[in-house]
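Line by line, the protein sequences are chains P and A.
Here numbering that gives the first Met the number 0 is used: position 45 in the first sequence is 44, and no number is missing along the way.
Here numbering that gives the first Met the number 0 is used: position 295 in the second sequence is 294, and no number is missing along the way.
Be a bit skeptical, because a hint or two may be false.
As the list claims (entries may be wrong) - Here are a few chain P residues that sit away from chain A, every Cβ distance over 10 Å (derived from the structure):
1) Arg71
2) Arg91
3) Ile103
4) Arg106
5) Asn115
6) Thr147
Said to hold, decoys possible - Derived list of chain A stretches under chain P, where covered just means 3 residues or more per stretch with a C-beta under 8 Å from a C-beta of chain P:
7) 23-37
8) 150-156
9) 185-196
10) 259-269
It is worth saying that the hints were derived from the structure and are not from the lab.
We put the CB at the ideal spot given by N, CA and C, even for glycine.
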Amino acid sequence: MTREKDARAGLLISPIENGTVIDHITAGEALNVLRIIGITGTTHESISVATNVESKKIGTKDIVKIKNRELRKEEVDRIALIAPKASINIIRNYKVWDKKGVEIPDRVVGIVRCPNPGCISNTNEPIQSCFLVQKKGLRCLYCDWLITKDITSHIM
Amino acid sequence: MRHIISIRDLGKEEIGRILDEAAAIQSRSYDPSALKGKLLGLLFFEPSTRTRMSFAAAMARLGGNFLSMDSVEASSMAKGETLADTIRVVSGYVDAIVLRHPKEGAARLASEFATVPVINAGDGAGQHPSQTLLDLFTIRQSMPLEGIHVGLLGDLRYGRTAHSLTHALSLYNVTIHTITPKGLELPAGLATELRDAGTEVIEHGDIASCIRDLDVLYVTRIQRERFPDAASYFKVASSYRVTPELLTGTKNHFIVLHPLPRLDEIDPRVDELPCARYFEQSANGIAVRMAMLLRVMT
C-alpha cells in the first residue's frame, strides 16, 4: 500500500546533489533553454528534463536539472528571452544554496542569428551576432533588423 | 573616437549641429586648412559617383588628402580577406575611413575594428547617413523641418536613402505620405516603428491624390532589376513619372528632391521648374560632408 502510494506520488525526476535546477520554464521550452545555455547532444553534462508539469504558479511548466554545473549569471539571463518567469536554484549538497529569478539582459551576444540574409553578421567576419534587447523585441546591432516574435526559431 | 554609422545614433541636436556647421561652410565661414596634413581613406566596395567624389572634394576643400581603393577586384578582399582585417590594416594608413559596402551593418562592424573614425557611406539596403543629412539640409534651405508633409515616391522597400530619411523625419513631427508600386512599399516593420514613434504615415495609391498637400516630394529610383521583365517595369515606371503637368497647383514653397541617379521617374522638363532642387541637393553634399569630416576628424 505504502509502496503504491509512493509510486503515485513519486518524483518525476530525482534530486541532484550539486548543480542547477531551472524551474518555472514556460511549458514546451525546456529544450530551447538547453540550447540557449549551450547544452547540446555533444556536451557532457548529465541532464534531467520534465515537460508539461503542473504548476500552481504558471499552470504548466518545464523543469531542467543539470548535474554538477552551476550556471553563471550571464547564462541565466539569456533564459529570460524565452522563459521570463523561470527561477534558478543552485544546489549544493542536495540543498538550495541560492535561488534567483532571470533578468532580461541589455544585449544578447552569440545566441540569436539575424534573420536578414544581407546582414554582415551572417558572413565569415570575426564577429558574434549581437542584439539589443528593446521593448518591441530584439534589434540587430549591425543591420537594425527587429525580431518581434518567435525568437526561439532564430536561436543558433 | 566619433563615428557616424546610422542616423539613429545622431539625435536631433547632433543633426542640428551638423546642419548648422554645413550652413556656415556654405557661406564660406570655414578654415580651408582645418584638415591639413590629414588623410582620408575612401573604401568603396560598391559603385558610387556622387558620394565618393563629394567626400573626396570635401576633404580637399578642408586642406586634407585622400586615398582611394580603386576596386574590390584589385584589393585583398578578392583574395578572401575579411572586412574586419581590411579595416584594421587601413586604419594604420589613414586618419578616418569612409566606407560603402553591400552588406548591411558593415559600417558598424568597421567601427568595432577601426582605430580611426568611420563614416558610413551606405551599407546595402541599410543606412546612408550622409545622404540623409544633405536631404534634411536641402529641405531646411526652403522651409523649417518641423511639421511638414513629405511625400516619398518610388521604391521604398529596397531604397536605403528612403529608410534613413524616414528615421530622421520622425524626429521632426513630419507627416509621411508614401506612394509606391505594389511590392515596393515601406517595409512593414519600419512603417510600424514610425507610427509607434508618433509619426503619421499615410499610404496613397497614386501621386495625384496627395501632391497638393505636400511640402516636399522625395522621388527615388524604381529599380528595374526588381521586375520580372522590361514590360512590367515600364508599365509601373510610367505611372510613377513626375511631370510638370502633375505639379500644377502645388504649394508655393513646394520642392522636389531626388538622391540621383534618376532614370525615367522625373521628366527632364521638371528640371526647369523652380521647385526642382535635386541638383542643388547633390551639390549640398559637399558642405554637409565637410561638416561630417570636421565632426569626426577634429
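Taking the hints in turn, this is what the structure says about them:
Residue placement check: P/Arg71 keeps its beta carbon more than 10 Å from all beta carbons of chain A (closest about 24 Å). The Cβ of P/Arg91 lies farther than 10 Å from every Cβ of chain A, with a closest approach of about 40 Å, so its non-interface assignment holds. Non-interface call for P/Ile103 relative to chain A: holds, since the shortest CB-CB distance, roughly 20 Å, exceeds 10 Å. Every CB of chain A lies more than 10 Å from the CB of P/Arg106, the least distance being 13 Å, so the non-interface label holds.
For P/Asn115, the requirement that its beta carbon stay farther than 10 Å from each beta carbon of chain A is not met, with the minimum near 6 Å. Residue placement check: P/Thr147 does not keep its beta carbon more than 10 Å from all beta carbons of chain A (closest about 8 Å). Look at the stretch 23-37 of chain A against chain P: 0 of its residues bring a Cβ nearer than 8 Å to a Cβ of that chain, fewer than three, so the hint is violated. For the stretch 150-156 of chain A, the proposed coverage by chain P is not satisfied: 0 residues have a C-beta within less than 8 Å of a C-beta in that chain, short of the threshold of three.
Requiring three or more residues with a Cβ within less than 8 Å of a Cβ of chain P, the coverage given for the stretch 185-196 of chain A holds, as 3 such residues are present. Given as covered by chain P, the stretch 259-269 of chain A fails the check, having 0 residues with a CB less than 8 Å from a CB of that chain where 3 are the minimum.
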